[in-house]
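Novice: Residue numbers (this note's numbering), protein chains in the order written: chain A, 21 to 291; chain B, 21 to 291.
Read the hints as simulated data drawn from the structure, not as lab findings. Check the hints yourself; a few may be wrong.
Because identical chains cannot be distinguished in the list, a pair is counted as satisfied if it fits within a single copy or across any two copies.
Restricting the straight-line Cα-Cα distance to at most 30 Å, the calculated cross-link-like pairs of lysine-lysine (DSS-like) are [to be verified]: (1) Lys283 x Lys178; (2) Lys22 x Lys245; (3) Lys178 x Lys267; (4) Lys287 x Lys266; (5) Lys178 x Lys141; (6) Lys245 x Lys287; (7) Lys245 x Lys266; (8) Lys141 x Lys267; (9) Lys22 x Lys283; (10) Lys22 x Lys287; (11) Lys22 x Lys290; (12) Lys267 x Lys290; (13) Lys290 x Lys178; (14) Lys22 x Lys178; (15) Lys266 x Lys178; (16) Lys141 x Lys287; (17) Lys141 x Lys245.
Protein chains: 2
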Amino acid sequence: MKLAVVGTGLIGGAVARAARARGAADAIYGVEPNSEHAAMALEGGVVDEIVDSVPADADLIALCCPSDRVAEWAVALADHAGAVFDVGSVKAPIVGEVRSAMNGQFPARFVPSHPIAGSEKTGPAHAPLDLFSDRAVVLTPEPDTELDAVEAVRTFWKRLGGQVIQLDAHEHDRILAVTSHLPHYLAYAFMLQVSENDISLSGGGFSDFTRIAAANPEMWWRIFKMNRTALLDELSGFEANMAQLKKALEDDDDSLGMALLRKAASKRSKL
Amino acid sequence: MKLAVVGTGLIGGAVARAARARGAADAIYGVEPNSEHAAMALEGGVVDEIVDSVPADADLIALCCPSDRVAEWAVALADHAGAVFDVGSVKAPIVGEVRSAMNGQFPARFVPSHPIAGSEKTGPAHAPLDLFSDRAVVLTPEPDTELDAVEAVRTFWKRLGGQVIQLDAHEHDRILAVTSHLPHYLAYAFMLQVSENDISLSGGGFSDFTRIAAANPEMWWRIFKMNRTALLDELSGFEANMAQLKKALEDDDDSLGMALLRKAASKRSKL
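Assemble the whole structure, with the sequences as input and the hints as a guide.
Specialist: Right under this line is the structure:
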């Protein structure tokens, strides 16, 4: 099994490392325009070889480049014999961009995918060894995706320890808007509100609550834009919940305030 | 050194455990109306003895009861020879309540204090062994607090590993409103927005961001109410930052959007 990883940053590096550690690939090619990341991935043994383009004999091709570059790679690899998947945080816009570039067609062997795992760090040097163990991995194949390509990608993620589920691309984007994109949005907005002096009086709660605000700003701004509609929808819902809690506080309404906090705490405690 | 702990829940239990482990107390009394907590604290060796009221020979008295019960204890102990301190998350309202009950006077040996450490769990069984190591502990003595009482409380927290600083009570409340109370408020409001089905597609970012929403709802509603003015002030500031980020997203303003995220990420990365 020959694996090609396009983009050997943190996620690409983690895909390569997990594939090697779990015997899911015999050889690993890396395609990486950032020469520093390329050298690190090669020297660290993350990949076996850095190549300029995806070799014809790759069985599986992991597109681990930024989300807004996935579509052009998927289109460029439309005739490749290997199964192709990406790791992007937003799915419907990628599908739409690919279809638009191919006049409504879709590459038969491209399986949009998203492992729900990551880090606020970047680069192959920070790629964890076993990032996908027991993590959900969502596949959003299109009706015209070939079943054996879906199976190849599903088998690969399962070998990396992932719990693979299949969803419609829009449903994926709606769910991730609230479970991932909105928390990042709120953590960034919250950090704008805190002065550096005040941070010295913060504890473990603050540290955990804000950890995701240290994530790559350029990457997250792209994700927010790609999933703008779903994110703004969830933001409206959040604003309504925030306003209800604010009203309880302003009106000194213990019954409503405690009911809201109890409901929230009860949901979180089940996690 | 005889220590009396009023309220042997999670924080009271942690104060007792750290005092014993670090040799800061020779004997530890517990005052605990909750018979289950009292039995757990005694059987677990957290305290040496459960007593009905604070013994006259206690050198140091830690008020670890809920924030809205601190004032009545401080007033009741106004003539006790020991130094008294609390651990409440809000300081100015406690000071105000005490003064109001004492016609403007303040107990000479009461040192309002707040260790910036905690847990979303409750009860002495969950009390960590060394909760205060390297954590900030704020003292907010009043102008009429006796200096040797302040020194006794400062020395105690330092022996528990705390980094003690002294602040005006209102300044403490303003800072904690943004570093602790607002994050809890937002985490609760956010959890109201998430459906239990969607949580299955969440990762480590979600888990960290929402951890504090599992904290005790009754306790946190009390804290929100006690620090209502400062919390609502910080909430207004947060809403303005959130609106600015929303405008950047709606207007597709990459320059503003990325500038905001970079500013937020840069502040968080310094932590």
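Novice: So, for every hint listed, does it hold in this structure?
Specialist: Quick rundown of the hints versus the structure:
1. Lys283 x Lys178: neither (35 Å within a copy, 38 Å between copies)
2. Lys22 x Lys245: Close neither inside one copy (34 Å) nor across copies (61 Å); limit 30 Å.
3. Lys178 x Lys267: Result: close neither inside a copy nor across copies, 47 Å intra and 41 Å inter.
4. Lys287 x Lys266: both (20 Å within a copy, 27 Å between copies)
5. Lys178 x Lys141: So Lys178 and Lys141 pass the 30 Å test inside one copy only (24 Å; across, 35 Å).
6. Lys245 x Lys287: both (29 Å within a copy, 23 Å between copies)
7. Lys245 x Lys266: both (29 Å within a copy, 11 Å between copies)
8. Lys141 x Lys267: Classified as between: cross-chain Cα gap 27 Å, same-chain 38 Å, threshold 30 Å.
9. Lys22 x Lys283: neither (49 Å within a copy, 41 Å between copies)
10. Lys22 x Lys287: For Lys22 and Lys287, neither the intra-copy (43 Å) nor the inter-copy (42 Å) Cα distance is at most 30 Å.
11. Lys22 x Lys290: Neither: 41 Å inside a chain and 41 Å across chains, both beyond 30 Å.
12. Lys267 x Lys290: Within. Shortest intra-copy distance 27 Å satisfies the 30 Å Cα cut-off; inter-copy 35 Å does not.
13. Lys290 x Lys178: Within. Shortest intra-copy distance 26 Å satisfies the 30 Å Cα cut-off; inter-copy 37 Å does not.
14. Lys22 x Lys178: within (17 Å within a copy, 59 Å between copies)
15. Lys266 x Lys178: Close neither inside one copy (45 Å) nor across copies (38 Å); limit 30 Å.
16. Lys141 x Lys287: Answer is both; intra-copy 29 Å and inter-copy 15 Å each pass.
17. Lys141 x Lys245: within (21 Å within a copy, 37 Å between copies)
Consistency with the previously given hints fails for numbers 1, 2, 3, 9, 10, 11, 15, ordered from lowest to highest.
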